[in-house]
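*Asks:* Chain order of the listed sequences is C and U. Sequential numbering of the first sequence, starting at 42, is according to my numbering. Sequential numbering of the second sequence, starting at 22, is according to my numbering.
Among these hints, one or two may not hold up.
Unchecked claim - Here are the computed lysine-lysine pairs in the DSS-like style, where the Cα-Cα straight-line distance is at most 30 Å: (1) U:Lys47 <-> C:Lys100; (2) C:Lys112 <-> C:Lys44; (3) U:Lys47 <-> U:Lys34; (4) C:Lys100 <-> C:Lys112; (5) C:Lys100 <-> C:Lys44; (6) U:Lys47 <-> C:Lys98; (7) C:Lys44 <-> C:Lys98; (8) C:Lys104 <-> U:Lys47; (9) C:Lys58 <-> C:Lys96.
Said to hold, decoys possible - To list a few chain U residues with every Cβ distance to chain C over 12 Å, as calculated: (10) Ile33; (11) Gln39; (12) Ser48; (13) Ala101; (14) Leu103; (15) Ser107.
Hints in this document: simulated from the structure, not taken from any laboratory. None of these values were measured; they are calculated from a predicted model. From the three backbone atoms N, C-alpha and C, an ideal C-beta is built for every residue, glycine too.
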Amino acid sequence: SQKIEQNSEALNIQEGKTATLTCNYTNYSPAYLQWYRQDPGRGPVFLLLIRENEKEKRKERLKVTFDTTLKQSLFHITASQPADSATYLCALPDNYGQNFVFGPGTRLSVLP
Amino acid sequence: DAGVTQSPTHLIKTRGQQVTLRCSPKSGHDTVSWYQQALGQGPQFIFQYYEEEERQRGNFPDRFSGHQFPNYSSELNVNALLLGDSALYLCASSLAQGGVEGLFFGPGTRLTVL
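One chain only, chain U, in its complex shape:
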């Protein structure tokens, strides 16, 4: 049973560019959440997708957008990259009824903005 997968593992971009990160949830999970984790910090919630809709959003600007596909996989898009967007981006999957069983995280995508 494949867990949560993310691609790419590493990415280097320059300021102003745009980036797309991809995530496939754990088999049987229908909900995908994205988190940003800066070095030495805990993960910060960006948004959550369920039934191809953004269900909840954290305190992130509109430069951060996403999408969920019918197969439950998801993309995170970041436009007009800033140096401060450099971080580990984590995708987590769960079931729609909540995370009492815990969130299942992927390995993350390390984004570096130069």
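Here chain C stands alone, though its shape is the one from the complex:
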């Protein structure tokens, strides 16, 4: 069955460092992958989409890579700030391409 794993449940880093979050999937061949941010008690907020033919995508301090051979996406936050503390979710389109299957999320804490 289709499965999405995110590297760890929680990640603590020091302010100013680069945070790297991992999303691995099995039994998928997605045309694209998305990353969302979720703050406690709130709905997820869409951050970035990367397509299968794109190796890398950037948006301000965010960078996403997508390796369809390894079936893995990496999500980087450079020069991290305490305000970046949140749970980050990766999501893949389902077989119909209309809805998404979400990973369990990684809770990032950026320490001042």
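With chain C held as given, fit chain U onto it using these hints.
*Replies:* Frame of chain C, contents of chain U only:
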């Protein structure tokens, strides 16, 4: 431009009761999806509504049902509540052609079943 709105924000029910949650999509969006998110987990897809029809359904029992109105707003109904139904229920809107622009989520309804 109002984003996705949901009501109520919190709800407490007892086992066996029924509940109705409501969602208004982002302006211009015609498709509404519902997700259930248990504590510490990612959102799980319940179903999607488009043109007032259930277009796709996830692995949830028939106790979960929904409706979409002509103005694209939507309701999620859960009958015969179980303790395990306690979760954050998220509504997400998008355009019919797919979610390449990302799903727009509401703030969610926190349901507690006692």
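*Asks:* Indicate, hint by hint, whether the structure satisfies it.
*Replies:* Now for the hints, and whether the structure bears them out:
no., hint, verdict
1, U:Lys47 <-> C:Lys100, "24 Å, holds"
2, C:Lys112 <-> C:Lys44, "11 Å, holds"
3, U:Lys47 <-> U:Lys34, "28 Å, holds"
4, C:Lys100 <-> C:Lys112, "22 Å, holds"
5, C:Lys100 <-> C:Lys44, "27 Å, holds"
6, U:Lys47 <-> C:Lys98, "26 Å, holds"
7, C:Lys44 <-> C:Lys98, "23 Å, holds"
8, C:Lys104 <-> U:Lys47, "27 Å, holds"
9, C:Lys58 <-> C:Lys96, "23 Å, holds"
10, Ile33, "16 Å, holds"
11, Gln39, "24 Å, holds"
12, Ser48, "16 Å, holds"
13, Ala101, "25 Å, holds"
14, Leu103, "22 Å, holds"
15, Ser107, "14 Å, holds"
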